[in-house]
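Participant: Protein chains in written order, with the working numbering: chain V, 1 to 188; chain S, 1 to 188.
Any given hint could turn out to be false.
[To be verified] Result set (SDA-like, lysine to any residue): computed pairs, CA atoms no more than 25 Å apart in a straight line: (1) S:Lys17 x S:Lys57; (2) V:Lys57 x V:Val136; (3) S:Lys173 x V:Arg98; (4) S:Lys2 x V:Arg98; (5) V:Lys173 x S:Ala19; (6) V:Lys2 x S:Lys91.
[To be verified] To be clear about the criterion: a stretch of chain V counts as covered by chain S if any three or more of its residues have a C-beta under 8 Å from a C-beta of chain S, and this derived list gives those stretches: (7) 25–31; (8) 99–112; (9) 162–176.
The hints are simulated quantities; they were obtained by calculation from the structure and are not laboratory data. Ideal Cβ placement from N, Cα and C applies to all residues, glycine included.
There are 2 protein chains.
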Amino acid sequence: MKADEVPLQTPPRASRKTASIVIVNTGEGKGKSTAAFGTALRAVARGWKVCVIQFVKSNRWKVGEQETATRLGVEWWTIGDGFTWDSRDMKRTEAIAREAWRIARERIQSADYRLVVLDEITYPMSWGWIPTAEVVAVLASRPAALNVIATGRDAPQALIDLADTVTEMRNLKHAFDRGIRAMRGIDY
Amino acid sequence: MKADEVPLQTPPRASRKTASIVIVNTGEGKGKSTAAFGTALRAVARGWKVCVIQFVKSNRWKVGEQETATRLGVEWWTIGDGFTWDSRDMKRTEAIAREAWRIARERIQSADYRLVVLDEITYPMSWGWIPTAEVVAVLASRPAALNVIATGRDAPQALIDLADTVTEMRNLKHAFDRGIRAMRGIDY
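Based on the provided sequences and hints, a complete structural model is requested.
Facilitator: Below is the structure:
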């Protein structure tokens, strides 16, 4: 169907219900984490218990969405060590990522939540800091009603295979490429 | 740089500041509107005045994000007539879209806001209900501090040309394709 045609026919409807899904937002483009936070906002509006765990961002940098989400009752953990190029002790940075995964795994297995967001988890997975096979196994055997959103570039294939919905955010154009800095209120 | 290499070098930093940007989220995949709402959440956390205008969704269907955003002080207009295939009077549906644009234009030109989200505006633009040239002209001459996010599939080229940042959401995999229904709390 062409973009300029007004759709007149009801599209086919999906009929299966599922207790929960796993969503992956990957790709180089903007919106991976932001879409995950948008979904978290939607989930709390429905009365769900939601937990966000950030694997790279450090607690030294409070972002806008954290403030809002916390105010709405989202449990929010920022357990990263910041950008790897700022790390003065990579072993420690790696240990912090493992600790974030330990906490995430506990939250996932607790059956207390309806949505857990694993923000930027693909990076420590790709770097071999968190075993991909273990993450996939924990997600595959998660409590039936728990939805999970994982974000980050270069999502490992095993994670994609497990996921129900995978979106690749592609950069068609980016203000940054014209030298424009990230903007408070828009980018963080 | 390969995905499994830990980045050790500080990437080049952008240096230019800009008063505001125009963002377009397009493509067939999930997350276009959700990322826009995530940004709205970020913007209100920074104390910005934010307005969301939905061009397709009708007021008959209250979505979770609307409830949360309104509670946070976002001005939220749902002025669509619903899915076009449910329309019993396409002239009326078209008139409603024009009315949504009239309200959006007023909000944009008022200089009262720091962020205006034009959710699913690309559809009435593609269908010729709202003149693309006018939308682009209004965005190009917007108040200096006003950021705009436009969402929807098949963003018109003139809109892409005007935008600072354009992300294409690509569907790598979708639960819907396996017959799984949209889920309250996740999809709406």
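Participant: Hints first: check each against the structure and report whether it holds.
Facilitator: Status of the hints after comparison with the structure:
{"no.": "1", "hint": "S:Lys17 x S:Lys57", "result": "violated, 35 Å"}
{"no.": "2", "hint": "V:Lys57 x V:Val136", "result": "holds, 22 Å"}
{"no.": "3", "hint": "S:Lys173 x V:Arg98", "result": "violated, 29 Å"}
{"no.": "4", "hint": "S:Lys2 x V:Arg98", "result": "holds, 21 Å"}
{"no.": "5", "hint": "V:Lys173 x S:Ala19", "result": "holds, 18 Å"}
{"no.": "6", "hint": "V:Lys2 x S:Lys91", "result": "holds, 20 Å"}
{"no.": "7", "hint": "25–31", "result": "holds (count 6)"}
{"no.": "8", "hint": "99–112", "result": "violated (count 0)"}
{"no.": "9", "hint": "162–176", "result": "holds (count 14)"}
Hints 1, 3 and 8 from the earlier list are contradicted by this structure; the remaining hints agree with it.
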